Amino acid sequence: MSTDQQNPRGSNAAGRGQGAGAPPRSTTTQEALREIRSGVSAMWWGFFDWLAVVSWKILILVSFLSLILVGGVFHYPTLVFALIIASCIVKAVAGAKRKAEVTATEATKRADTEQLERTVLEARMEALQAQIEPHFLFNTLASIDQLILTDPPRASRMQQSLIRYLRSAMPQMRDGKRPTLGQQVDLCSAFLEIMAVRMEGRLQAVVKVPDGLKSAVFPSMMLQTLVENAIKHGLEPKAEGGRLEIGAEIVDGRLAVHVLDTGLGFAPKSDAGVGLANIRERLKVLYNGRAELIISVPAEGGTCATINVPYEIAAA
Amino acid sequence: MPSTAAPTAVVADDERLMREQIVGRLREAWPELSIVGEAVNGREAVALVRSLEPDIAFLDISMPEMDGIQAAQAVAGQVHVVFVTAHDEYAIKAFEQGAVDYLLKPTEPGRLAITCERLRERLKGAPDPMNELLAQLSQRLGGGTLKPREYMRWVQASVGTTIRMIPTSDILFFRAEDKYTRVQTTGFEALIRKPIKELIDELDPSEFWQIHRATVVRVDAIEQVSRNFRGQQIVHVKGSPERLEVSRTFNHLFKQM
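Protein chains in written order, with this note's numbering: chain A, 26 to 341; chain B, 603 to 859.
Everything labelled a hint here was simulated from the structure, so no lab data went into it. Remember, it's a predicted structure, so these values are computed and weren't measured experimentally. Built from N, CA and C at the ideal position, the CB exists for glycine as well. Heads up, some of the hints might be wrong.
To be verified - As a list, the in silico EDC-like pairs of lysine to aspartate or glutamate whose alpha-carbon atoms are at most 16 Å apart:
(1) A/K309 / B/D772
(2) A/K257 / B/E667
(3) A/K263 / B/D669
(4) A/K257 / B/D669
(5) A/K263 / B/E646
To be verified - Here are some chain B residues pointing at chain A (derived, C-beta under 8 Å):
(6) T610
(7) R618
(8) E622
(9) Q623
(10) N643
(11) A688
(12) P708
(13) R713
(14) A715
(15) S740
(16) W756
(17) T764
(18) M767
Said to hold, decoys possible - Label-pair ranges, simulated between beta-carbon atoms:
(19) A/A111 / B/S828: 44 to 52 Å
(20) B/I836 / A/P235: 49 to 57 Å
(21) A/D137 / B/H838: 27 to 35 Å
(22) A/D236 / B/D730: 56 to 64 Å
Pulled out of the complex, with its shape left as it was, chain A reads as follows:
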């Protein structure tokens, strides 16, 4: 079997060889010429690139050596001299442009890798931030369990809020599109509806986000972290509770989104900063210094956290 298979292939190859060799001989010379031309051209461009990138100091050194070697030993000083002069002219005239091209290509390659690294880093940090707190989940489920006995319609509404929250909080459940402020506000509203049932009169939540801003691009899970922090560190530990406000506005062409609470306020020694540090890092990666997180203390007490990002409308 194997010989049978090999044979036709062998004869086939021979036939093709003959076909190429027998007809006009000029084709082979043409091919050879073309090869030589491309070889020379490759050599020339290699030499050209080297000329462009090499420093003047090394060029002079090499010229000097070749003058001694080729000029002195083989007695072709004029040829070498002409070559050196030509090199210098080429380097002076075209070198700078070529050098810029070479460095630009390298920079693009590096930028591509950096962009990829940033994307991976951001995805990892986003996943970290999107972790759902078990304490929240179990407490909410326990509340639903109780409402099923005492107020079934309310239990159903609370469960729907929880489903809405989980759907948008789980990173693997999101579509690949850039997240909008509207989506983030909806997610927070679902969270606040749940917390309002649990905390009752101790939480008054207000969402003041104009409809017109809901299509703006806004990073995922950041608003959520601010709202959770406001409740966990500001309002829940305060016996009488208080007010929480989510607001958004355009300031100097930038989108400013804030979460304000009238809770306990910020303790300078508190290490509530894990979530906040994560937001800061992500903003750095996503916006490269064009976005910031500001924590301030309102005159009436409590905490106000503001995220400032460039204003951008999400593609429909």
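Chain A is fixed; fit chain B onto it per the hints.
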């Protein structure tokens, strides 16, 4: 307090639904037990235990004002304590030692029945002071006295007309200026009233070094240290053109390795 009379209990949780749940399920599991009071935070729970002298206290762990652990510490030995928690791995580990009982929310009737059985046994004796368990718990939950020293993580400073909280990791250096101390970050500067002398006590010494009577610098922000013509050490900071002098007293910080 253990007596032949019907046993009594108080329930503390900051969420009404959760109080209703435990009260409702206790009524089914242990009809003779009478719930004599309900509290919405740890402080109220302690007051109720002291005034009503119940046999048992069901305490939620995370509550405002005073958490369940602190409340239990305040009334240790006066009442049998059962902790109720939504999710707390540390607490669960500690309770496995069997000193007191714990319940997970939502309380399952079957599990609650075991707790009630255990409590009926315990009511024959005096309440456990739970010293060791509570110390362990509060340490694990970060609410105890055995915590390592805490340093300043945020600086509250005025920038223009607003008061901002600046994370210490954003600060390049502090510098004394007349009546104020200037806080320098990469993007802006702010002023605080706290003098360098007081600041240095509150900052983490592994994060910030004092290099001059008037200057404290964040170690990670130091780019390099050079010498000027008089041989004085000069600190260069990443993200600021300002050069910071090192006074002789602090020269040892930058000795060559």
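Tested hints:
Under the criterion of a C-alpha separation no larger than 16 Å, the hint pairing A/K309 with B/D772 is consistent with the structure, at around 13 Å. Distance restraint check for A/K257 and B/E667: the Cα-Cα separation of roughly 13 Å lies within the 16 Å cut-off, and the hinted pair is therefore satisfied. With a CA separation close to 12 Å, the supplied pair A/K263 and B/D669 stays within the 16 Å bound. For the suggested pair A/K257 and B/D669, the alpha carbons sit about 14 Å apart, so the restraint of at most 16 Å is met.
Taken as a hint, the A/K263 and B/E646 pair is honoured in the structure, with Cα atoms around 14 Å apart against an allowance of 16 Å. About 23 Å separates the beta-carbon of B/T610 from the nearest beta-carbon of chain A, more than 8 Å, and the hint is not met. With its C-beta approaching chain A no nearer than about 6 Å, B/R618 sits inside the 8 Å limit, and its interface hint holds. Taking 8 Å as the C-beta contact cut-off toward chain A, the hint placing B/E622 at the interface holds, the least distance being around 6 Å.
Hint status for B/Q623 relative to chain A: holds, with the closest Cβ pair at about 4 Å, below 8 Å. Checking B/N643 against chain A: minimum C-beta separation of about 6 Å stays under 8 Å; hint holds. Given hint, B/A688 at the interface with chain A, holds; its Cβ is 4 Å from that chain's nearest Cβ, closer than 8 Å. For B/P708, the suggested interface contact is upheld, since its CB lies about 4 Å from the closest CB of chain A, less than 8 Å.
Hint on B/R713 is violated. Least Cβ distance to chain A is approximately 13 Å, over the 8 Å limit. The beta carbon of B/A715 is not positioned within 8 Å of any beta carbon in chain A (closest approach about 17 Å), and the interface hint is therefore violated. For B/S740, the shortest C-beta to C-beta distance to chain A is roughly 16 Å, which exceeds 8 Å, and the interface hint is violated. Taken as an interface hint, B/W756 checks out: its beta carbon lies about 5 Å from the nearest beta carbon of chain A, inside 8 Å.
Because the closest C-beta pair between B/T764 and chain A is about 5 Å apart, less than 8 Å, the hint holds. Nearest Cβ of chain A to the Cβ of B/M767: about 4 Å, under the 8 Å cut. The hint holds. Here the CB-CB span from A/A111 to B/S828 is close to 46 Å, well matched to the stated 44 to 52 Å. Between B/I836 and A/P235 the C-beta distance comes to about 51 Å, which sits within the given range of 49 to 57 Å.
Hint check: A/D137 to B/H838, Cβ distance near 33 Å, so the stated range 27 to 35 Å holds. The beta-carbon spacing between A/D236 and B/D730, approximately 59 Å, falls within the hinted interval of 56 to 64 Å.
Of the hints listed earlier, those the structure fails to meet are numbers 6, 13, 14, 15, in rising order.
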